[in-house]
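Respectively, the protein sequence lines represent chains A and B.
Just so we're aligned, residue 1 is where the first sequence starts under my numbering, counting upward by one.
Just so we're aligned, residue 1 is where the second sequence starts under my numbering, counting upward by one.
Among the hints, a few may not be true.
[As the list claims (entries may be wrong)] Mimicking EDC-like on lysine to aspartate or glutamate, the simulated pairs with C-alpha atoms at most 20 Å apart in a straight line are:
(1) A:K471 <-> A:D141
(2) B:K117 <-> B:E7
(3) A:K130 <-> A:E604
(4) A:K363 <-> A:D394
(5) A:K295 <-> A:E355
(6) A:K363 <-> B:D323
(7) A:K618 <-> A:D107
(8) A:K255 <-> A:D181
(9) A:K363 <-> B:E7
(10) A:K363 <-> A:D397
(11) A:K751 <-> A:D729
(12) A:K443 <-> A:E433
(13) A:K363 <-> B:D84
(14) B:K198 <-> A:D394
(15) A:K363 <-> B:E22
[To be verified] Per the computed footprint, the stretches of chain B lying under chain A, defined by three or more beta-carbons under 8 Å from a beta-carbon of chain A, are:
(16) 25-35
(17) 206-217
Keep in mind that the hints were calculated from the coordinates and are not lab data.
A virtual CB, placed ideally from N, CA and C, is assigned to each residue, including glycine.
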Amino acid sequence: MDKLGVFLCTGCGIGDGVDVDEVLEAANEKGCTATLTHECLCGPEGIDAIRGCISENSLDGILLAACSERAKAPEFAPLSEEVPAVFRTAIREHCTWSHPADAEGQDAEDTTMLAQDLVRMGLARLSGMKPVEPLQEEISDVVLVVGSGRAGLEAALTASRLGHPVTLVEQGSKLGGLLADQVSIPPEEPPYDAPVPNPVPGLIAEIEADDRIQVLTDTVIAKITGQPGQMEVTFEGPETIEQTIGSIVQATGAKPYPADNLGHLGYGTSADIVTSYDFEKMLASGTIARPSDGKKPERIAFIQCAGSRDPDHLNYCSSECCVNTLRQVAEVDKIDPSIENAVIYRDIRAPGLMEHFFVGIQKSAGMMMTRGDVVGIEANGRLNINLSNSLLGDNVDVEADLVVLAVGMVPSSADGELIRELHDSRHQAEHSESSQVREASAKRAEELKDHEGTEILNLEYRQGPDLPTLKYGFPDSHFICFPYETRRTGIYAAGTVHAPMDCAQSAEDGLGAAMKAVQCIEMAKRGEAVHPRSGDTAYPDFFLQRCTQCKRCTEECPFGTINEDEKGTPQFNPLRCRRCGICMGACPERIISFQDYSVHMVAEMIKSMSIPEDYEEKPRILAIMCENDAVPALEAAAADGATWNPWVRVIPVRCLGSTNIVWIAEALSAGVDGVILIGCKYGDDYQCHYVRGSELANTRLGNVGETLQRLALEPERIKVVELSHDEFDRVPKVLDEFAEELDEMGPNPLKGF
Amino acid sequence: MATIPIEHSSDSRREFLRLGGENAMHCYQCATCSSVCELAPADNPFPRRQILLAQWGLFDELMGDPGPWLCHQCNDCSVRCPRDVRPGDIMASLRAMTVEKLAFPNFLGSLVGNVQKSWPLLVFGPILFWVVLLGLTTGFGEVETHHGLVPGPAMGQYFYDALVPHSLIYIVNFAAVGFVCLALFMSGTKFWKLMGDKQKRSGSFIGALIGVVIAIAFHTRFSSCERGVPKRRWGHFMVMWGFVGAAVASGFAVVFLYADIPPFSWFFALPFFSDIGYPVPITHWNKWLANISAVLLVVGGIMLFANRLKRGDKLVGQTTAFDRFFLWLVLAVIATGVLTEVFRFVVPVPMAGLVVYVVHLGVVLSLFLTLPYSKFAHIFYRTLAMVHERMTGGK
Numbered sequence: 001m002d003k004l005g006v007f008l009c010t011g012c013g014i015g016d017g018v019d020v021d022e023v024l025e026a027a028n029e030k031g032c033t034a035t036l037t038h039e040c041l042c043g044p045e046g047i048d049a050i051r052g053c054i055s056e057n058s059l060d061g062i063l064l065a066a067c068s069e070r071a072k073a074p075e076f077a078p079l080s081e082e083v084p085a086v087f088r089t090a091i092r093e094h095c096t097w098s099h100p101a102d103a104e105g106q107d108a109e110d111t112t113m114l115a116q117d118l119v120r121m122g123l124a125r126l127s128g129m130k131p132v133e134p135l136q137e138e139i140s141d142v143v144l145v146v147g148s149g150r151a152g153l154e155a156a157l158t159a160s161r162l163g164h165p166v167t168l169v170e171q172g173s174k175l176g177g178l179l180a181d182q183v184s185i186p187p188e189e190p191p192y193d194a195p196v197p198n199p200v201p202g203l204i205a206e207i208e209a210d211d212r213i214q215v216l217t218d219t220v221i222a223k224i225t226g227q228p229g230q231m232e233v234t235f236e237g238p239e240t241i242e243q244t245i246g247s248i249v250q251a252t253g254a255k256p257y258p259a260d261n262l263g264h265l266g267y268g269t270s271a272d273i274v275t276s277y278d279f280e281k282m283l284a285s286g287t288i289a290r291p292s293d294g295k296k297p298e299r300i301a302f303i304q305c306a307g308s309r310d311p312d313h314l315n316y317c318s319s320e321c322c323v324n325t326l327r328q329v330a331e332v333d334k335i336d337p338s339i340e341n342a343v344i345y346r347d348i349r350a351p352g353l354m355e356h357f358f359v360g361i362q363k364s365a366g367m368m369m370t371r372g373d374v375v376g377i378e379a380n381g382r383l384n385i386n387l388s389n390s391l392l393g394d395n396v397d398v399e400a401d402l403v404v405l406a407v408g409m410v411p412s413s414a415d416g417e418l419i420r421e422l423h424d425s426r427h428q429a430e431h432s433e434s435s436q437v438r439e440a441s442a443k444r445a446e447e448l449k450d451h452e453g454t455e456i457l458n459l460e461y462r463q464g465p466d467l468p469t470l471k472y473g474f475p476d477s478h479f480i481c482f483p484y485e486t487r488r489t490g491i492y493a494a495g496t497v498h499a500p501m502d503c504a505q506s507a508e509d510g511l512g513a514a515m516k517a518v519q520c521i522e523m524a525k526r527g528e529a530v531h532p533r534s535g536d537t538a539y540p541d542f543f544l545q546r547c548t549q550c551k552r553c554t555e556e557c558p559f560g561t562i563n564e565d566e567k568g569t570p571q572f573n574p575l576r577c578r579r580c581g582i583c584m585g586a587c588p589e590r591i592i593s594f595q596d597y598s599v600h601m602v603a604e605m606i607k608s609m610s611i612p613e614d615y616e617e618k619p620r621i622l623a624i625m626c627e628n629d630a631v632p633a634l635e636a637a638a639a640d641g642a643t644w645n646p647w648v649r650v651i652p653v654r655c656l657g658s659t660n661i662v663w664i665a666e667a668l669s670a671g672v673d674g675v676i677l678i679g680c681k682y683g684d685d686y687q688c689h690y691v692r693g694s695e696l697a698n699t700r701l702g703n704v705g706e707t708l709q710r711l712a713l714e715p716e717r718i719k720v721v722e723l724s725h726d727e728f729d730r731v732p733k734v735l736d737e738f739a740e741e742l743d744e745m746g747p748n749p750l751k752g753f
Numbered sequence: 001m002a003t004i005p006i007e008h009s010s011d012s013r014r015e016f017l018r019l020g021g022e023n024a025m026h027c028y029q030c031a032t033c034s035s036v037c038e039l040a041p042a043d044n045p046f047p048r049r050q051i052l053l054a055q056w057g058l059f060d061e062l063m064g065d066p067g068p069w070l071c072h073q074c075n076d077c078s079v080r081c082p083r084d085v086r087p088g089d090i091m092a093s094l095r096a097m098t099v100e101k102l103a104f105p106n107f108l109g110s111l112v113g114n115v116q117k118s119w120p121l122l123v124f125g126p127i128l129f130w131v132v133l134l135g136l137t138t139g140f141g142e143v144e145t146h147h148g149l150v151p152g153p154a155m156g157q158y159f160y161d162a163l164v165p166h167s168l169i170y171i172v173n174f175a176a177v178g179f180v181c182l183a184l185f186m187s188g189t190k191f192w193k194l195m196g197d198k199q200k201r202s203g204s205f206i207g208a209l210i211g212v213v214i215a216i217a218f219h220t221r222f223s224s225c226e227r228g229v230p231k232r233r234w235g236h237f238m239v240m241w242g243f244v245g246a247a248v249a250s251g252f253a254v255v256f257l258y259a260d261i262p263p264f265s266w267f268f269a270l271p272f273f274s275d276i277g278y279p280v281p282i283t284h285w286n287k288w289l290a291n292i293s294a295v296l297l298v299v300g301g302i303m304l305f306a307n308r309l310k311r312g313d314k315l316v317g318q319t320t321a322f323d324r325f326f327l328w329l330v331l332a333v334i335a336t337g338v339l340t341e342v343f344r345f346v347v348p349v350p351m352a353g354l355v356v357y358v359v360h361l362g363v364v365l366s367l368f369l370t371l372p373y374s375k376f377a378h379i380f381y382r383t384l385a386m387v388h389e390r391m392t393g394g395k
């Protein structure tokens, strides 16, 4: 963009906090076409003034030097229809609120210099921006639902009700999933006091009557290629079908945790110790009998958390077993009230209104409940269950004739990572240069060979055939901020594959995921990103002539956006992209650029900072901060009256993972005394919107230390900090501490060269 | 650690459910009850643990537990319970169960425990006994009395001791009291031992007992309960002191009767005891004592009864047959006692007086005989539990 305008708001204390003339002068020095100040830029008069200035000067880019982009967004939004490039710099939060001249360590001159730098950086960014042409692709309306349990059925019906054609694929011969043959389900509406009939047969009938839903049973997915909106799916079943679909709801459910692993709960030592799934079959048959002798049990003991919440088995709560057990107790009571039921639990988890169900069953069935950890189960005619950690404090014994283990759930996606590992191991076993690696890989491949053929989606993605998963095998990407989202754009998880959940939650989850799937299709039609940069139409452009096939982008993209051809050249799929810029940060050749965000643009921003040569007076610190968590935290601190070191210059980035090492080099060679990168928490409980961005940035910078030493620079001049959104009280301290550390190191020796 | 067998389906558990314990099955052990209780000892709080033991059917543990007896059923716990378990009622059921289980002889415990079915026998049995006894001895005719030969009621005359010779009352009631003492002693030693087995005691029994008696005299425990109690406190206070006053007055009445017998005669040298003849005049202080006691009993009894009528109020708690029998019996003793006096002085109708008097003697006998097995036994168990508490470091 060449014809740029700077609009400086003087309201909210900005006009009093900085020398307005000097700020405008800095803007003019950078060659902007027009400048304007207004005491209330966001008001109707201010907006009209901007509009007038745009048309008068035929501006193609405007810099709103006012408040944070989180403030007054609806007021300024209409401007983007009048001018191709709008950039906002938060003078209010980053400058005047946080650097009042009367505060300790602050000075009016420094505050004005900070505002000048913010304006210079904004103009530098704007001048690099190009107009965005949204993608116009042909998009399929079809929603593919994989799996036909409660979540899958609800998802198919929801997508159909929203007017989309649906293909429902089920590997088994009939629909219904784990619930298909269950006698009842826990209540889903008031008064929540007794089991209710299984809704699945009704849903199946509804699906079969729906013309928009195509049902494929006995069918698996052989291959999926392409990108959301244009996925080519090959189904293999009674016949091979090829179909183009728009988005996918994966509702493939969970598997019962293998009871063979539950020897400590006596499984396998007696035929009368069964799983809750076996017991459900007994309930469905209408007769309750001990498998060993066919006699009616006098007492049934239900043991909760069989495998769940156990670090040696499933280190999470399977969420539905407690309430399901209560339901089974109610069913036993219906079949034969003379049978006693004892429930052995760690905590009964009957959340929300299920409390009424819990009380209802206790009242009607009069069962006995006790907290306890099972020490062992001894079979001596009856089954003697010894418990420690009982509510009395002492060990207690419970005798029963039949023991039902409420086994936990393993998501069907849990195989995904292992399949990936199996494929990798096989590849290494054949291709590795080291014989040691070849042997180890061959051994691992052998261990994992049972996972062969457990692929569900069979995605032809460079990063593997199924959804990547988190710690426990669930395919979430960021469950707090983006429910249903997986790490594959356009593929949404629903039901028990998504998280452990009960029947009612699965229904809701299927509905929610179907709405996301439809949203994805609709946004793809407009060329917009679904999330987290919802509505963003810019996308990365690869200047492949300069690509060295290093594969960093294809490996590092957390969303599997980029495939490779045989030579390793990246093949970008814009509709899979979430616009985080991690590929841009990874690329050593700097050939990946968005229309409005690139390595070059940020480098220009860094270069545009004025760096006083006299360190004693004016050191400079560059803070590259995540715009999703760290910057909002900083702005919250400013709103809260916090102040911080005036030498800091903040550049918000889409994700810390988009940080290219070049920026660091650029900053240090320009004489900046130190660079601090503040991103999200990473690790198992990561908070990064883009899953791995902050972690990748940290890894990349770990490699920079050596380079710095060669340049005779202290590695401590670069610091990476993890920070969460709510730590607004910490972020000013982080900046101040870094400033002090730099002060001890002295000036950047490259300053002034 | 000891392993405790959980008894889920024992007869005791059924018994407990019958005595009003069914709500114990909803308890999820949040311990709100124990935390709101003002009376629960800090190191051994009730009623959470008692509810758990009851859920599991471990009644042997509960029989020797002082907890249910330390509870004065203010029902703070029942009001606060998030699960409508009504721990106050559970404690009441446990008390009823303890009385029944520790009864001597056992069958009488079961008889009174099943009062819902056995009440006609328990009430009409003693009345019938008196009718038969009087028929056999005096024949309701002319009788030799203290005052010489007087005509019987059938002849239109009117002296209670002419109708029912005092000697008969002594024989019957002293025998009953002797039996009650034996029964209470047997049950009490069992209870005392059970409590001692679970918790070691130390210090003086007598010292602890004196403290407990003072506490009971002023009802200090009742006053530490936060709510639900004021009405019951004063009702109970009046009934208790009414019984004490009535007992003292009856004691002196006996003494006055035998003023001329040497073992008692020295009394009458004392200032208040001189100048007494039989019948004792209505203006005499012993009559005052007796009448004031009667008023306390009537007012207190009505207060307690009226309180129990508020059904569905959690602060009142559930009224079981066990409670009802005791309350009715006490009210019957009070009512017939007062009527007996009224008939004598105000409405001299000889036949009606006789009937009321015989009914009175019957219900008094019933009250005596069922004392170790009815709710009345709480006098004894609660006192022992409070002594035990003091001897194990409690307040």
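Hints versus structure:
For a cut-off of 20 Å, the pair hint linking K471 of chain A to D141 of chain A is broken: about 33 Å separates their Cα positions. Distance hint between K117 of chain B and E7 of chain B is unfulfilled; the C-alpha atoms sit about 28 Å from each other, more than 20 Å. Between K130 of chain A and E604 of chain A the CA atoms are separated by roughly 15 Å; this keeps the pair inside 20 Å, and the hint holds. This hinted pair does not check out: K363 of chain A and D394 of chain A have alpha carbons roughly 27 Å apart, beyond 20 Å.
Taken as a hint, the K295 of chain A and E355 of chain A pair is broken in the structure, with Cα atoms around 34 Å apart against an allowance of 20 Å. Taken as a hint, the K363 of chain A and D323 of chain B pair is broken in the structure, with Cα atoms around 24 Å apart against an allowance of 20 Å. Our distance criterion of 20 Å between C-alpha atoms is met by K618 of chain A and D107 of chain A, whose separation comes to about 12 Å. The straight-line distance between the Cα atoms of K255 of chain A and D181 of chain A is roughly 15 Å, inside the 20 Å bound, and the hint therefore holds.
Pair hint K363 of chain A plus E7 of chain B holds up; C-alpha atoms about 19 Å apart against a cutoff of 20 Å. Of the supplied pair hints, the one linking K363 of chain A and D397 of chain A is violated, its CA atoms being roughly 24 Å apart against a limit of 20 Å. A threshold of 20 Å between alpha carbons decides the hint, and for K751 of chain A with D729 of chain A the separation of about 32 Å lies outside it, so the pair is violated. For the hint pairing K443 of chain A with E433 of chain A, the CA-to-CA distance comes to about 16 Å; that is within 20 Å, so the pair holds.
Of the pairs offered as hints, the one joining K363 of chain A and D84 of chain B holds, with about 11 Å between alpha carbons and a cut-off of 20 Å not exceeded. A C-alpha spacing of about 15 Å is found between K198 of chain B and D394 of chain A, which places the hinted pair at or below 20 Å, so the restraint holds. Annotation: proposed proximity of K363 of chain A to E22 of chain B holds, straight-line Cα distance about 8 Å (limit 20 Å). For the stretch 25-35 of chain B, the stated coverage by chain A is satisfied: 4 residues place a CB nearer than 8 Å to a CB of that chain, which reaches the threshold of 3.
Proximity of the stretch 206-217 of chain B to chain A, defined as three or more residues with a beta carbon under 8 Å from a beta carbon of that chain, is not established by the 0 residues found.
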